[in-house]
Amino acid sequence: MNNYYSYLMYYRLILRLYPYEYRSAYEDEMVSVFSDMIKTTRRTSERIWLSVTTLFETLPWIVKENKEIGVKEISDAPRYVKRSIIASLLLISPFFIIVGSNRFMVMTHQTIPGFVATLDRTWAIYTILLPLIALVITGVSAAKYSYRSSRGQYGRLKLTSYKLSLVAILAVACISVLELIALF
Amino acid sequence: MKRSMDLLPQVSFSILLALSLKPRHGYEIMQQVEEDSDGKIKLGPGALYSSVKQLLAAELIGEVLSQAEPSRRRYYKLTDKGWKRLNQELDYFRNSVELSRSRNTQGLMGTA
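As given, the protein sequences belong to chains A and B, one line each in that order.
Its first residue numbered -8, the first sequence is counted upward by one per residue in our numbering.
Its first residue numbered 289, the second sequence is counted upward by one per residue in our numbering.
These aren't lab readings, by the way, just hints derived from the structure by calculation.
A couple of the hints might just be wrong.
[Stated by the list, open to error] In silico DSS-like pairs for lysine-lysine, Cα to Cα no more than 27 Å straight-line:
id	chain 1	residue 1	chain 2	residue 2
1	A	Lys30	B	Lys365
2	A	Lys154	B	Lys369
3	A	Lys154	B	Lys330
4	B	Lys330	A	Lys30
5	A	Lys30	B	Lys369
[To be verified] With beta-carbon atoms standing in for the labels, derived distance ranges:
id	chain 1	residue 1	chain 2	residue 2	range
6	A	Arg139	B	Lys328	36 to 42 Å
7	B	Asn375	A	Lys135	36 to 42 Å
8	A	Ala78	B	Ser325	45 to 51 Å
9	B	Lys341	A	Arg33	30 to 36 Å
For glycine and all other residues, C-beta sits at the position ideal for the given N, C-alpha and C.
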């Protein structure tokens, strides 16, 4: 990989991880800086090393920018959106703790003799049902949000983090359904 | 010295210092920061533009339209507020250096 443009393409791919607002403001400039950095190198090994170090340099800033945007979006969000996210997180956390620890116990039971996986079946069902309830709560709030935002009530508020949390809750709900099927 | 503000992060301070000579684009800022710090601070594009974003939001730096290079490069320069802030920071460091020197002569900081 010694083609100059492949390195730029690689860097543009990394920059895709930044929030849209940040990218639209700085993507071209950052690519231009990276292109200047690449031009200072001659050997392929130098270019590869530069690409790897730039990746590791950029990743923490990508996390920071996404976190900043997420926090800002949530703080600007209507109160019912915040409430639904908090309620969903509270509902999902037992799922991670109990089902996660149960999975761990089942896994260790197979390798460590005498380590018995014990989780009450009824409790497991309740725990697995919690993410589904969380999904209903966020789903209703999302529908309300989409309806109001389609009527222009929230202006240009995008709430990417809200959509992402919805996707995450949906994923957890899917896992919980699979767990539920596995139980019976 | 009366100080009503927190100190700027190291990277932001270095960027302001780099822009105190002339308006620069991103890569030039990186090079100047490295030169100013004797190679101790090596900025990457991630750190650079995250700080640039904060400095722009705080109105400490501003964009300059480049007539020489009609490319996608943006040049940045210090604003009046930026100059004021840089001078405040430098005053603070100057006072700190003077204070540490005076303490050193009194033997409070060892004999180094």
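Review point. What are the numbers of the hints the structure violates, in ascending order?
Key: Result: hints 2, 3, 5, 6, 7 break, sorted rising.
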